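J.: Residue-level listing of the chains:
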Amino acid sequence: GAVVSQHPSWVICKSGTSVKIECRSLDFQATTMFWYRQFPKQSLMLMATSNEGSKATYEQGVEKDKFLINHASLTLSTLTVTSAHPEDSSFYICSAAGTGGRVNTEAFFGQGTRLTVV
Amino acid sequence: SQKIEQNSEALNIQEGKTATLTCNYTNYSPAYLQWYRQDPGRGPVFLLLIRENEKEKRKERLKVTFDTTLKQSLFHITASQPADSATYLCAPTGGDSSYKLIFGSGTRLLVRP
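Read top to bottom, the protein sequences are chains A and B.
For reference, each letter of the first sequence is one residue, going 1 to 118 in the numbering used here.
For reference, each letter of the second sequence is one residue, going 119 to 231 in the numbering used here.
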């Protein structure tokens, strides 16, 4: 299957700093990527949907000024957690669906990024 | 509001038995339903997709059913193995839920040797 690479796999940062997480589709063009957050023993919560070349669409309750998403190319989307606080500590996962973001095909997920804010 | 329900309690079964996991949804009319497997600390991995006009789909030891009247999907693993132990997530997609891939809470499966 297709490969989605997420980097870094884990990061520890100080409270108040910003952290950038990259999500790359290695062997296909992903016009749409999804960003999720997962707290321990809970399911994946969709944070936002990013479309190449346009602004991301955020889910209700997700602060768009805190979680900056950029999808500048068909193979790269980034999530920046700005002014991180301990409550932002979580597991962040990206995924890329089939070309055009159709949901009649499987989605491919990155390995996830474990963020710890101290 | 739209809701996806999976049994939050872990399913604990003996190796060789069939595991059956349930996914119920409300206030959805999905065109597809997807099942994923997630291991601890990893991203989900796609298993099967079933369309609304399909009653059943099989892939090796996996079988999925989709009942749009009951708004329910059942996921079966036959001849289960300890390596099948993981969390299984369902995601109704398409139709009125459009392009979003939103998951249920997942059911943890434990297969005892």
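You may find that some hints are simply not true.
[Unchecked claim] Think about it this way: if two alpha-carbon atoms lie no more than 20 Å apart in a straight line, the pair counts; the simulated SDA-like pairs of lysine to any residue are:
hint, chain 1, residue 1, chain 2, residue 2
1, B, LYS218, B, PRO158
2, A, LYS66, A, THR31
3, B, LYS173, A, THR105
4, B, LYS189, B, PRO158
5, A, LYS14, A, VAL118
6, A, LYS41, B, ALA204
7, A, LYS64, B, ILE220
8, B, LYS218, A, GLY53
9, B, LYS218, A, THR116
10, A, LYS41, B, ARG169
11, A, LYS14, A, LEU76
12, B, LYS218, A, LEU76
13, B, LYS218, A, THR31
14, B, LYS218, A, PHE67
15, A, LYS41, B, LYS189
16, A, LYS41, B, VAL163
17, B, LYS218, A, VAL118
[What the hints assert, rightly or not] Pairwise CB distance ranges, derived in the manner of DEER restraints:
hint, chain 1, residue 1, chain 2, residue 2, range
18, B, LYS177, A, ARG114, 37 to 45 Å
19, A, SER15, B, SER223, 34 to 42 Å
20, A, LYS55, B, PRO231, 25 to 33 Å
21, A, THR17, B, LYS135, 30 to 38 Å
22, A, HIS7, B, THR196, 35 to 43 Å
23, A, GLU63, B, SER223, 36 to 44 Å
24, A, VAL3, B, GLU174, 27 to 35 Å
25, A, THR80, B, LEU188, 24 to 32 Å
26, A, SER83, B, GLN190, 41 to 49 Å
Quick caveat, the hints were computed from the structure, so don't treat them as lab data.
As the structure is a prediction and not an experimental result, all values here were calculated from the model.
Using N, Cα and C, we set each Cβ at its ideal position, and we do this for glycine too.
J.: Which of the listed hints are broken here?
T.: 1, 2, 4, 9, 10, 11, 15, 17, 18, 19, 20, 21, 23 and 25
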